[in-house]
Amino acid sequence: MLKRFEVKNFKSFKDNLIFDLSKTKNYAFNESCIKNGICNNAIIYGMNGSGKSNLGLAMFDIIRHASDSFSPHDLYANNYVYAGSKLNDRVVEFKYVFEFEKVEVVYSYSKISADHLVSENLTIGGDLFVDIDRSRTINKNKRTKAIINFKGTESLNKEIENDNLSILMYLKSNANLDKRTKVNKIFYQMINFIDGMLYFRSISDNRFIGTHVSNQKSIVLDIIEREKIEDFESFLNRVGIECKLIKHLNDICFDIEGVPVPFFDIASSGTKALALFYFWISRISEEKINFLFIDEFDAFYHYELSKEIVEMLKKQNIQILLTTHNTSIMTNDLMRPDCYFVIHNQQINSLPYLTEKELRFAHNLEKLYRANAFDSNDNDSE
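In this note's numbering, the protein residues as written are 704 to 1085.
Careful: at least some of the hints might be erroneous.
Here are the computed lysine-lysine pairs in the BS3-like style, where the Cα-Cα straight-line distance is at most 27 Å [claimed, not checked]:
(1) Lys947 to Lys975
(2) Lys805 to Lys717
(3) Lys706 to Lys738
(4) Lys854 to Lys875
(5) Lys975 to Lys805
(6) Lys950 to Lys1010
(7) Lys975 to Lys1018
(8) Lys805 to Lys854
(9) Lys875 to Lys805
(10) Lys1010 to Lys888
(11) Lys975 to Lys706
(12) Lys885 to Lys738
Okay, the calculated beta carbon distance ranges per label pair [to be verified]:
(13) Glu807 to Asn781: 30 to 40 Å
(14) His1028 to Arg839: 38 to 48 Å
(15) Arg1063 to Asn877: 45 to 55 Å
(16) Lys882 to Asn751: 42 to 52 Å
(17) Cys946 to Glu807: 14 to 24 Å
It is worth saying that the hints were derived from the structure and are not from the lab. C-beta atoms are modelled at their ideal positions from N, C-alpha and C, and glycine is treated no differently.
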């Protein structure tokens, strides 16, 4: 699981932003939202321009160099480094803290652009296993020799001159580590976790990061090829869209009194968004997704449908982060205060850490939020 994430100097984030998913409370309701003391289901709020979307992009930067999964260049190519950074400080820093089998794994790296690494550092259980820092020099030359301390890598070439190449990917491709060793097993769990990360945004264009699905894949053709039309129809009916779907001329159509009408010709924005959601949710198990980030997940949904979608996602048994402006789902009936986060002034905290009030199940979180009860990002009460 992802336990904590930090980023600095990336796009709109000037200072170090810390997203700590382990700062949870001892609430006795909706306990399934927390797993091993880490927030497993989170919803993120924030004003327009506060950084919700950039947070998602930052968290998925790791896909660009540490996975073979899809990562569109255009989402990262422009304004990768914070525009106001000084010329001698144009390095973007990332830090991921994972936890597997109660062992903490810390992977940090820095870049000067979307595809050029400066440094990498990996510790498992507090012990150093990977380190390289090309910003340091030896005899005026860049330091390109990596420290790699995994057992079984003694004869591996440790000169990594290519700054496009992550040591994680280098090890994945060139080292056959003995998985019977716990440290090696944990390393591969981290690699598999990264490979299983998926980001998409629920708006008109199907932009995503992660998985090995072709970015040219049509939702309609995908459903037809996988013979999922009936299942898709059942899904729509379950969330309140009463309809009958049929295949007609290699298209999915509404059956309106015997007349086939192409699905995307008359579907509402909300129904199209549901089709996109179905496209991804139906392959969570197939693609071995374990971490899901949906940006503006309910931009086109009625508030009751938003709740239904959250309930559906909670049953997936994976770590889920959602962004939204919909405060009607900020309720203890759905989740719990330490699973609702607010990003403001380049800081992100869950509701209990934004107020001195002791939040209980009976509290109306939406009402408190609208009354500006969570305006402080400086509160760190335990």
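Going through the hints against the structure:
no.: 1; hint: Lys947 to Lys975; verdict: holds (15 Å)
no.: 2; hint: Lys805 to Lys717; verdict: violated (32 Å)
no.: 3; hint: Lys706 to Lys738; verdict: holds (10 Å)
no.: 4; hint: Lys854 to Lys875; verdict: holds (14 Å)
no.: 5; hint: Lys975 to Lys805; verdict: violated (41 Å)
no.: 6; hint: Lys950 to Lys1010; verdict: violated (30 Å)
no.: 7; hint: Lys975 to Lys1018; verdict: holds (23 Å)
no.: 8; hint: Lys805 to Lys854; verdict: holds (21 Å)
no.: 9; hint: Lys875 to Lys805; verdict: holds (23 Å)
no.: 10; hint: Lys1010 to Lys888; verdict: violated (37 Å)
no.: 11; hint: Lys975 to Lys706; verdict: violated (33 Å)
no.: 12; hint: Lys885 to Lys738; verdict: holds (21 Å)
no.: 13; hint: Glu807 to Asn781: 30 to 40 Å; verdict: holds (34 Å)
no.: 14; hint: His1028 to Arg839: 38 to 48 Å; verdict: holds (44 Å)
no.: 15; hint: Arg1063 to Asn877: 45 to 55 Å; verdict: holds (54 Å)
no.: 16; hint: Lys882 to Asn751: 42 to 52 Å; verdict: holds (46 Å)
no.: 17; hint: Cys946 to Glu807: 14 to 24 Å; verdict: violated (48 Å)
The structure shown violates the earlier hints numbered 2, 5, 6, 10, 11 and 17.
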